[in-house]
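Enquirer: Using the sequences and the hints, build the whole thing.
2 protein chains.
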Amino acid sequence: MKNPQEVFNEYLAEMNLKATPQRRLILDTIIKQKAHLSSEELYAKVKARDASVGQATVYRTLKLLVEADLVEPLDFADGVTRYEISYGKEHHDHLICSVCGKNIEILDPTIEKRQEEIAKKHGFKLSSHKMYLYGICDDCRKGK
Amino acid sequence: MKNPQEVFNEYLAEMNLKATPQRRLILDTIIKQKAHLSSEELYAKVKARDASVGQATVYRTLKLLVEADLVEPLDFADGVTRYEISYGKEHHDHLICSVCGKNIEILDPTIEKRQEEIAKKHGFKLSSHKMYLYGICDDCRKGK
DNA sequence: ATAGATGCAAATGGTTTGCAGAGCT
DNA sequence: AGCTCTGCAAACCATTTGCATCTAT
Numbered sequence: 001m002k003n004p005q006e007v008f009n010e011y012l013a014e015m016n017l018k019a020t021p022q023r024r025l026i027l028d029t030i031i032k033q034k035a036h037l038s039s040e041e042l043y044a045k046v047k048a049r050d051a052s053v054g055q056a057t058v059y060r061t062l063k064l065l066v067e068a069d070l071v072e073p074l075d076f077a078d079g080v081t082r083y084e085i086s087y088g089k090e091h092h093d094h095l096i097c098s099v100c101g102k103n104i105e106i107l108d109p110t111i112e113k114r115q116e117e118i119a120k121k122h123g124f125k126l127s128s129h130k131m132y133l134y135g136i137c138d139d140c141r142k143g144k
Numbered sequence: 001m002k003n004p005q006e007v008f009n010e011y012l013a014e015m016n017l018k019a020t021p022q023r024r025l026i027l028d029t030i031i032k033q034k035a036h037l038s039s040e041e042l043y044a045k046v047k048a049r050d051a052s053v054g055q056a057t058v059y060r061t062l063k064l065l066v067e068a069d070l071v072e073p074l075d076f077a078d079g080v081t082r083y084e085i086s087y088g089k090e091h092h093d094h095l096i097c098s099v100c101g102k103n104i105e106i107l108d109p110t111i112e113k114r115q116e117e118i119a120k121k122h123g124f125k126l127s128s129h130k131m132y133l134y135g136i137c138d139d140c141r142k143g144k
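So the protein lines, in turn, are chains F and P.
Counting along the first sequence from 1, when you hit position 90 you're at 90 in our numbering, and nothing is skipped either side.
Counting along the second sequence from 1, when you hit position 75 you're at 75 in our numbering, and nothing is skipped either side.
Keep in mind that a hint or two might mislead.
Heads up, the list lumps identical chains together, so a pair's fine if it works in one copy or across two of them.
[To be verified] EDC-like mimics (lysine to aspartate or glutamate), calculated; alpha carbons at most 20 Å apart, straight line:
no., residue 1, residue 2
1, Lys-130, Asp-78
2, Lys-102, Glu-67
3, Lys-125, Asp-139
4, Lys-120, Asp-138
5, Lys-125, Asp-78
6, Lys-47, Glu-67
7, Lys-121, Asp-138
8, Lys-120, Asp-139
9, Lys-18, Asp-50
The hints are simulated quantities; they were obtained by calculation from the structure and are not laboratory data.
Expert: Printed below as a string of structure tokens:
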């Protein structure tokens, strides 16, 4: 399987866009990150490696990475869009603790299957879905 | 079952807040609406009935209605938060056409049950969830 | 009487964009 | 050389907030 960098380069070439050091740096920074970073957080990490990079470039690159299907935007209901590498990872949804922000990746074939069936029943061709489960985790409940 | 207006009045009384004509008007306008309105759209409808009402009051009242569990915010992924009356309606999720914006309310017990099970398995006490299915509807596909 | 509500306009805050200079191919 | 990028700062836009004035209770 190709690595994300290759895929990104191919995407850029195909779209007649350029592979710049900033774009490489930004992709590399996301890859090295296990967490789900907001654009702001990512910008901080990127800046630590190259202080000259601008905020706007991070936003613009993030958009490209989403279009290239390498990265997926997440909505943890805290007002910021977060991102995670999706390339090479199986699709999954999230279970989020609304107290501490902890989040767990979940994958449930039963649900995925039902979603398809529901869409079909209504004559829709499903293109994507979002499912977020919000709750309070064990630790936060015990901590009380 | 109490009607929404009563519930709202009780909520306001309990919180030592006041039942003002604006608040009544806004709730009434949402109730009369079958669509999922954005704050902006709601503001327009409200203004048609009383031009003196301000935008901010609509936002503020919407927040109250959500806290009172009468209204639920929706995220159709188009940059605006939409709202619908939830009081007296069974919980449901949405299937949205990303071309024409049409949306269908869905309810699937299988999925609901699995969500609970998943949360439990991870030691979470589920407080809410969001599920949106995005796709393209029959009409929009044929229209092409 | 008085805590709370309203409308207005200004402020926020995440994200986008215009522009002039810089860089990739 | 030419088209794309970048950083900066200004612009956007939905939503929030400060404030002086009004109003429900």
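Enquirer: For each hint, tell me whether it holds in the structure or not.
Expert: Structure-based check of each hint:
1. Lys-130 <-> Asp-78: Both: 16 Å inside a chain and 14 Å across chains, each within 20 Å.
2. Lys-102 <-> Glu-67: Answer is neither: 27 Å inside a copy and 24 Å across each miss the 20 Å cutoff.
3. Lys-125 <-> Asp-139: For Lys-125 and Asp-139, the Cα distance is within 20 Å only across copies (11 Å; inside one copy 40 Å).
4. Lys-120 <-> Asp-138: Answer is between: at 10 Å across copies they meet the 20 Å cutoff, but 37 Å inside does not.
5. Lys-125 <-> Asp-78: So Lys-125 and Asp-78 pass the 20 Å test across copies only (19 Å; inside, 30 Å).
6. Lys-47 <-> Glu-67: Neither. Shortest intra-copy (23 Å) and inter-copy (40 Å) distances fail the 20 Å Cα cut-off.
7. Lys-121 <-> Asp-138: between (38 Å within a copy, 11 Å between copies)
8. Lys-120 <-> Asp-139: between (40 Å within a copy, 13 Å between copies)
9. Lys-18 <-> Asp-50: within (19 Å within a copy, 54 Å between copies)
When held up to the earlier numbered hints, the structure conflicts with 2 and 6 and fits the remainder.
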